[in-house]
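Based on the sequences and whatever the hints tell you, model everything.
Chains as they are written, first to last, in our numbering: chain H, 1 to 231; chain G, 1 to 243.
None of these hints come from the bench; they were simulated from the model.
Backbone N, C-alpha and C define an ideal beta-carbon position, used for all residues, glycine too.
Fair warning: there could be bad hints in the mix.
If we take Cβ atoms under 8 Å as the criterion, some of the chain H residues that face chain G in the derived model are [unchecked claim]:
hint, residue
1, His86
2, Ala91
3, Leu94
4, Ser95
5, Pro96
6, Cys97
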Amino acid sequence: MSETGFIATCRLVAGKDLHLEWRTWDTSTSSLVFSLVVLVIFNFAFDLATVRELGVGRLVPGVLWSVIAFAAVIGMTRSFQLEQRHETLSALLLSPCDRSAIFFGKFVANLVKILTLELILVPLTAVLFDYDLLAVLWRMAGLLLLHTIGLTALGTLFAAIAVRVGRGEALLATLLFPASTPLFISAVKTTGVLLGTESTTSVADWLTLTAGFDLLYVFLALLTFEVVVER
Amino acid sequence: MEREPPANAIRARGLTRQFASRRAVDGIDLDVPRGQALALFGPNGAGKSTLIQLLTLQLRPTRGSFTIDGLEPRRDGVALRRRLGVLSHQSFLYDDLTAAENLEFFARLYGVDDPRSRCRELLDLVDLGNRGDDRVGSFSRGMQQRVALARALVHDPAILFLDEPFTGLDPDASRKLCATLNRLRGDARTLLLVSHDLAQGIELSDRWIILRSGRIAADGVSAETDAASFESVYFDSLRRARA
Chain H
1 MSETGFIATC
11 RLVAGKDLHL
21 EWRTWDTSTS
31 SLVFSLVVLV
41 IFNFAFDLAT
51 VRELGVGRLV
61 PGVLWSVIAF
71 AAVIGMTRSF
81 QLEQRHETLS
91 ALLLSPCDRS
101 AIFFGKFVAN
111 LVKILTLELI
121 LVPLTAVLFD
131 YDLLAVLWRM
141 AGLLLLHTIG
151 LTALGTLFAA
161 IAVRVGRGEA
171 LLATLLFPAS
181 TPLFISAVKT
191 TGVLLGTEST
201 TSVADWLTLT
211 AGFDLLYVFL
221 ALLTFEVVVE
231 R
Chain G
1 MEREPPANAI
11 RARGLTRQFA
21 SRRAVDGIDL
31 DVPRGQALAL
41 FGPNGAGKST
51 LIQLLTLQLR
61 PTRGSFTIDG
71 LEPRRDGVAL
81 RRRLGVLSHQ
91 SFLYDDLTAA
101 ENLEFFARLY
111 GVDDPRSRCR
121 ELLDLVDLGN
131 RGDDRVGSFS
141 RGMQQRVALA
151 RALVHDPAIL
161 FLDEPFTGLD
171 PDASRKLCAT
181 LNRLRGDART
191 LLLVSHDLAQ
201 GIELSDRWII
211 LRSGRIAADG
221 VSAETDAASF
231 ESVYFDSLRR
241 ARA
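Pasting the structure below:
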């Protein structure tokens with residue numbers, strides 16, 4: 001018997017979560033249906049004439065990141081509810097693996113799921129709100145990745161807390177949204193710049209701030225996960 | 001020359017766990033020699049499951065200490081976990097993975113060499129060799145519990161904790177699981193079994209302990225215990241402990 005290292009544990013846990021998702025489509029279906037409904041409602045609330053009058057950069061970033069935030073909450077809560085059903089989280093913690101590797105595996109799986117959802121949502125907002133996504137495609141991709149990393153790290157940690165204390169989405173949302181406010185402000189501001197409304201002067205500051213928060217949240221979550229899941 | 005007594009697989013001293021004002025486990029001293037099968041009995045809330053959770057590192061003790069095969073939880077946590085297998089009334093399995101996928105996942109987490117052949121071997125052991133590719137969610141409760149036993153054994157643990165493994169099983173499933181556990185008793189593995197079925201617990205153990213209010217109320221040797229009259233011994237010891 002050999003020792004299972006950090007990377008191997010992380011790969012096993014993430015692979016298992018993604019394999020389960022691929023097989024059941026449980027999380028993706030609920031997150032996607034919710035997101036589509038909200039986007040369509042916003043599309044009805046703001047017709048194209050209103051969108052053009054307000055400017056795409058003023059409206060779309062708020063709509064897009066609101067939808068991503070709530071869809072992420074649904075997805076991340078389910079990632080730990082899955083471990084609660086037959087107490088498989090206890091089985092993971094009974095194994096001799098590094099707890100932070102278990103967290104990192106869950107984090108990677110959630111990150112892949114949320115980025116995949118964004119891959120559908122962003123082109124859809126471009127169609128519904130009539131803006132040229134191709135012109136900003138790579139910068140938009142980088143921006144989404146940068147902001148989703150911090151959001152997912154914090155969300156995965158808080159989802160573990162919410163499930164461990166027997167609360168679901170409500171507690172996750174209560175913890176996640178205030179703590180990730182800097183990320184959401186940065187996300188809305190920088191997406192606004194990309195879509196041509198906000199001034200470009202402060203983008204570098206926002207991106208530096210976001211990268212700092214990403215690092216902080218990932219390390220904070222890695223360090224505290226063991227305390228969160230142990231009783 | 002006199003043979004040395006076997007070393008203790010489990011040694012606990014003053015083990016205590018407090019939840020708010022309630023003391024679930026109250027200063028328990030326990031020695032379980034290597035290879036022994038110990039049955040833990042007691043009414044609901046006696047502290048049996050809490051004791052198991054403490055010894056399997058799922059809970060931290062409020063006071064007291066214990067060692068598993070001489071290893072201390074704080075210092076040797078990883079090495080200690082390798083020696084523990086836990087079968088609970090919860091299956092610890094993913095419904096949407098097949099039996100083989102579940103076992104292989106946990107085998108890889110434990111770093112088992114050649115996990116596929118180990119999984120096949122274990123599925124044969126629990127008489128589910130032909131159902132390895134079926135999802136666990138499609139199994140009956142009894143079959144799930146047999147896969148759960150295979151999962152608990154995947155890394156060949158030295159000590160197996162069985163926390164009410166017969167809960168929810170019909171008599172046939174219970175008999176099959178009991179037969180598999182009896183087979184395991186022959187291989188020098190230490191077993192700690194929590195059960196509400198007194199006769200089954202006596203049958204599967206070398207020694208028994210009755211817990212009440214987090215304390216040991218009585219203990220004895222299973223071979224010297226008449227299973228038929230054990231029920232009265234059980235209720236007498238609970239009455240004495242209450243008094």
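Hint by hint, here is what the structure shows:
{"no.": "1", "hint": "His86", "verdict": "5 Å, holds"}
{"no.": "2", "hint": "Ala91", "verdict": "4 Å, holds"}
{"no.": "3", "hint": "Leu94", "verdict": "6 Å, holds"}
{"no.": "4", "hint": "Ser95", "verdict": "4 Å, holds"}
{"no.": "5", "hint": "Pro96", "verdict": "4 Å, holds"}
{"no.": "6", "hint": "Cys97", "verdict": "6 Å, holds"}
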